[in-house]
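Knowing the structure of chain Y, use the given hints to seat chain D on it.
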Amino acid sequence: GAVVSQHPSRVICKSGTSVKIECRSLDFQATTMFWYRQFPKQSLMLMATSNEGSKATYEQGVEKDKFLINHASLTLSTLTVTSAHPEDSSFYICSARAGHSTGELFFGEGSRLTVL
Amino acid sequence: GNSVTQMEGPVTLSEEAFLTINCTYTATGYPSLFWYVQYPGEGLQLLLKATKADDKGSNKGFEATYRKETTSFHLEKGSVQVSDSAVYFCALSSVHSGGSNYKLTFGKGTLLTVNP
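So the sequences go chain by chain: Y and D. Residues in the first sequence are numbered from 1 upward in steps of one, following this note's numbering. Residues in the second sequence are numbered from 1001 upward in steps of one, following this note's numbering.
Hint data in this document are derived by calculation from the structure and do not stem from the laboratory. Be a bit skeptical, because a hint or two may be false.
Below 27 Å or equal to it, Euclidean Cα-Cα: the simulated DSSO-like pairs (lysine-lysine) are [stated by the list, open to error]: (1) Lys1049(D) to Lys14(Y); (2) Lys1108(D) to Lys20(Y); (3) Lys1103(D) to Lys1052(D); (4) Lys1060(D) to Lys66(Y); (5) Lys20(Y) to Lys55(Y); (6) Lys1052(D) to Lys1108(D); (7) Lys55(Y) to Lys66(Y); (8) Lys1068(D) to Lys1108(D); (9) Lys1049(D) to Lys1068(D); (10) Lys66(Y) to Lys14(Y); (11) Lys14(Y) to Lys41(Y); (12) Lys1049(D) to Lys1108(D); (13) Lys14(Y) to Lys64(Y); (14) Lys20(Y) to Lys66(Y); (15) Lys1108(D) to Lys1060(D); (16) Lys64(Y) to Lys1049(D); (17) Lys64(Y) to Lys1108(D); (18) Lys1103(D) to Lys20(Y); (19) Lys1056(D) to Lys1068(D); (20) Lys66(Y) to Lys1108(D); (21) Lys66(Y) to Lys41(Y); (22) Lys66(Y) to Lys1052(D); (23) Lys20(Y) to Lys64(Y); (24) Lys55(Y) to Lys1103(D); (25) Lys1049(D) to Lys1060(D); (26) Lys1068(D) to Lys1052(D); (27) Lys66(Y) to Lys1049(D); (28) Lys1049(D) to Lys1103(D); (29) Lys1103(D) to Lys1060(D); (30) Lys64(Y) to Lys41(Y); (31) Lys1108(D) to Lys1056(D); (32) Lys1056(D) to Lys1103(D); (33) Lys1052(D) to Lys64(Y).
Bound conformation, chain Y alone:
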């Protein structure tokens, strides 16, 4: 199947700094990418949907100024956690969809963020 890669897989940062996580579709063009957050022993919570070349659509309760999402090309979306705080520590997962609206989703390996 298609491959989606996230980088970095783990990142530790100090409180107040910003962290960027990349999500790349390696062998297909992703018209839509999704960013999820997963807390321990919890389900994946959709944070936002991004379409190439347009602004991301954020889910209710997600701060768009804190979680900046950019989908500048058909193979790359980035999530930037701005002014990170310990409560932002979590596992962030991206997924990408090629083609039509009901196409299969392909998931990245996830990125674990720890904010000290």
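Just chain D now, kept in the frame of chain Y:
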């Protein structure tokens, strides 16, 4: 809104044992149902799916039947292997989500450990 409830883990089985992981859902309309698997250190992968009532999804010896009357999509495998050790997620999408905002709603995940 949509929701997915799946069996709490962890589940520990011996090799060749029978596996059932329960999943029930609440949704409007006619959702599609999915099981995703996440092996250690990897991203989520689609295991199987069913798009309408009474459909049976199957893959790698796993099966799940879309039961509209009981709003369930239980995952089963007749004889598990050590290599099946992973986290399993039940998920649904609403057919009426449509467009570029095709979204998945996930259960919390069930950790399966198979011992030799």
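Hints, one by one, checked against the model:
| no. | hint | verdict |
| --- | --- | --- |
| 1 | Lys1049(D) to Lys14(Y) | 41 Å, violated |
| 2 | Lys1108(D) to Lys20(Y) | 26 Å, holds |
| 3 | Lys1103(D) to Lys1052(D) | 17 Å, holds |
| 4 | Lys1060(D) to Lys66(Y) | 41 Å, violated |
| 5 | Lys20(Y) to Lys55(Y) | 17 Å, holds |
| 6 | Lys1052(D) to Lys1108(D) | 23 Å, holds |
| 7 | Lys55(Y) to Lys66(Y) | 15 Å, holds |
| 8 | Lys1068(D) to Lys1108(D) | 21 Å, holds |
| 9 | Lys1049(D) to Lys1068(D) | 14 Å, holds |
| 10 | Lys66(Y) to Lys14(Y) | 16 Å, holds |
| 11 | Lys14(Y) to Lys41(Y) | 25 Å, holds |
| 12 | Lys1049(D) to Lys1108(D) | 18 Å, holds |
| 13 | Lys14(Y) to Lys64(Y) | 21 Å, holds |
| 14 | Lys20(Y) to Lys66(Y) | 12 Å, holds |
| 15 | Lys1108(D) to Lys1060(D) | 22 Å, holds |
| 16 | Lys64(Y) to Lys1049(D) | 32 Å, violated |
| 17 | Lys64(Y) to Lys1108(D) | 25 Å, holds |
| 18 | Lys1103(D) to Lys20(Y) | 24 Å, holds |
| 19 | Lys1056(D) to Lys1068(D) | 12 Å, holds |
| 20 | Lys66(Y) to Lys1108(D) | 25 Å, holds |
| 21 | Lys66(Y) to Lys41(Y) | 24 Å, holds |
| 22 | Lys66(Y) to Lys1052(D) | 39 Å, violated |
| 23 | Lys20(Y) to Lys64(Y) | 14 Å, holds |
| 24 | Lys55(Y) to Lys1103(D) | 17 Å, holds |
| 25 | Lys1049(D) to Lys1060(D) | 13 Å, holds |
| 26 | Lys1068(D) to Lys1052(D) | 8 Å, holds |
| 27 | Lys66(Y) to Lys1049(D) | 35 Å, violated |
| 28 | Lys1049(D) to Lys1103(D) | 15 Å, holds |
| 29 | Lys1103(D) to Lys1060(D) | 25 Å, holds |
| 30 | Lys64(Y) to Lys41(Y) | 25 Å, holds |
| 31 | Lys1108(D) to Lys1056(D) | 22 Å, holds |
| 32 | Lys1056(D) to Lys1103(D) | 22 Å, holds |
| 33 | Lys1052(D) to Lys64(Y) | 35 Å, violated |
Consistency note: the structure conflicts with the earlier hints numbered 1, 4, 16, 22, 27 and 33.
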